[in-house]
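Residue numbers (our numbering), protein chains in the order written: chain U, 312 to 624; chain G, 13 to 125; chain Z, 25 to 121.
Certain hints may be false.
[To be verified] Computed from the model, here is a short list of chain U residues facing chain G with C-beta under 10 Å: (1) Thr377; (2) Leu380; (3) Asp459; (4) Ser497; (5) Ile606.
Honestly, the hints are just simulated from the structure, not real lab data. Even for Gly, the Cβ is constructed at its ideal location relative to N, Cα and C.
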Amino acid sequence: MTIFAVFDIGLVVLILGIAVSTIAARDAFAAVIGFVVYGLLLSIAWVRLAAVDVALTEAAIGGGMTGMLMLGAVARLRFAGGNDISISLPVRFATAVLCALVAAGLAIAVLSPPDAIPTLAPMVMENLAQSGLGNPVAGVLFVYRALDTLLEKVVLILALLGVWSLAPDSVWGGIPGLRVYARRSSTLTFLAQLLPPVGIVVAIYMCWVGAKEPGGAFQGGTVLAAMWLLVMIAGLKRVPSIGQPWLRPLLVVGPVIFLAIGLAGMVLANAFLAYPPGYAKPLIVAVEVALTLSIGVALGLLAAGPLEQAQQQ
Amino acid sequence: MNAATLFGLSGAALVGIGLYGFVTNPEPLRKILAFNLLGSGVFLVFGVVSRRAAASGLGGDPVPQAMVITAIVVAFAATAMAIALVLRLLQETGRSTLGADSPGDTDRVSGNS
Amino acid sequence: MNLALDIFTVSAVSAGALFFLAGTVGLLRFPDSLTRLHALTKVDNLGLGLVVLGLLPQTNGLFGALKLVSIWLLVQLSGAIVTQLIAGTVRRRGSNG
């Protein structure tokens with residue numbers, strides 16, 4: 312048994328333990344904190360599975376952004392009506408047995424790998440050089456499965472529209488309710504003044520380095536969104552109302568440029584979302600930059616939550 | 013047993029844990045949380061598929077990895093949407109739990125809509 | 025030379041890990057929030073600092089080393105701020121729970 316095996320077993324025990332405590336916790340706040348820790352530990356597991364891009368995304372979005380969203384919800388639900396539904400012990404037991412069966416079925420599937428393991432990695436590597444990228448995951452995201460990436464951006468925008476449209480009529484077009492976090496504090500103001508320049512540099516670096524090493528538009532956009540949220544929470548900048556004229560173009564600039572390049576590919580390279588030979592890398596970098604901006608704005612607004620204040624005149 | 017199998021098994025266990033929490037916990041917010049646990053378990057199993065398919069000097073097959081990245085972002089979008097629904101439910105009914113079938117509550121909901 | 029650097033790495037990272045252990049024990053065993061925060065700051069400053077210091081000789085070139093040091097600095101900054109914020113909340117609520 313090597314030291315790596317010991318580390319892996321310890322990591323798995325921690326992950327499973329925190330997952331159970333997240334489910335079992337009485338207090339919703341404790342459950343959310345457990346979930347954030349769980350997301351960070353899971354990203355270490357992704358590193359152990361040689362998927363550094365996924366690890367970055369899991370830490371940033373799975374742990375950080377989702378955690379913030381949930382914390383905001385816990386704060387808003389604090390005074391909500393109590394939970395008066397109880398589930399009887401036999402039902403719990405039956406549920407546990409059924410869930411264990413599902414898990415066991417998956418475990419059997421994991422333990423019995425197919426004889427010939429299908430892999431697309433050689434095909435990706437063969438054709439990666441043409442795109443000028445060095446990071447195979449970025450290659451898959453922007454060259455071979457570009458349609459998925461484009462649609463995923465559309466999903467982000469649709470989710471944002473869904474969140475906004477849940478607002479009552481009186482606050483439609485108003486301001487997302489980030490006030491729940493707001494508490495003036497000189498310490499927080501200091502952080503919000505000091506960190507964003509560093510964070511923006513980190514976000515640009517992540518976006519840029521994504522072409523050849525782990526990183527990319529998602530991770531960079533998340534850092535950007537975090538910086539924006541920090542500035543708004545500290546009260547240095549007001550939360551914009553969703554009717555702001557600059558907001559909506561920023562939201563769609565990434566998908567629109569992606570789509571435009573994809574349509575141009577139909578003429579110049581004979582396929583939707585194909586890049587003309589020789590121009591692949593500059594085009595992909597342009598798309599990534601625009602997407603980073605759009606993802607940053609979309610994630611920030613999603614995390615800021617539903618509209619709560621009418622627009623101020 | 014190698015590392016990939018170990019993480020695959022823990023992914024399977026996470027799916028079970030998440031499913032249990034999703035079914036038994038009455039609070040919608042906790043259900044959303046449990047559903048996220050379930051989802052990350054599925055991603056982990058998928059990551060193991062990627063790790064096993066390592067070839068061409070890579071640590072894993074990049075295609076499943078890219079799909080997991082997409083999936084994490086979409087899961088976040090769905091979570092944000094679900095939380096907005098719960099908060100709206102609170103606004104409309106003053107409660108955060110589902111399944112309260114008392115007539116008074118349904119009246120209040122229909123009265124507001 | 026390489027061996028000396030490796031020994032330096034192992035000893036510094038081990039010392040860092042010891043601080044992590046001590047800090048975690050403190051987090052679990054100390055009686056109130058403020059003393060628990062005190063234990064945590066030791067982990068942030070010295071524990072991570074020693075781990076980063078130990079890893080510096082193993083990086084490939086100046087750029088990697090700079091990234092490691094900036095991670096430590098960022099953790100220092102966020103650790104100090106978060107500690108301040110939590111301590112402020114504890115004080116406002118007037119409880120040491």
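Each hint, compared with the structure:
no. : hint   : in the structure
1   : Thr377 : holds (6 Å)
2   : Leu380 : holds (6 Å)
3   : Asp459 : holds (5 Å)
4   : Ser497 : violated (30 Å)
5   : Ile606 : holds (8 Å)
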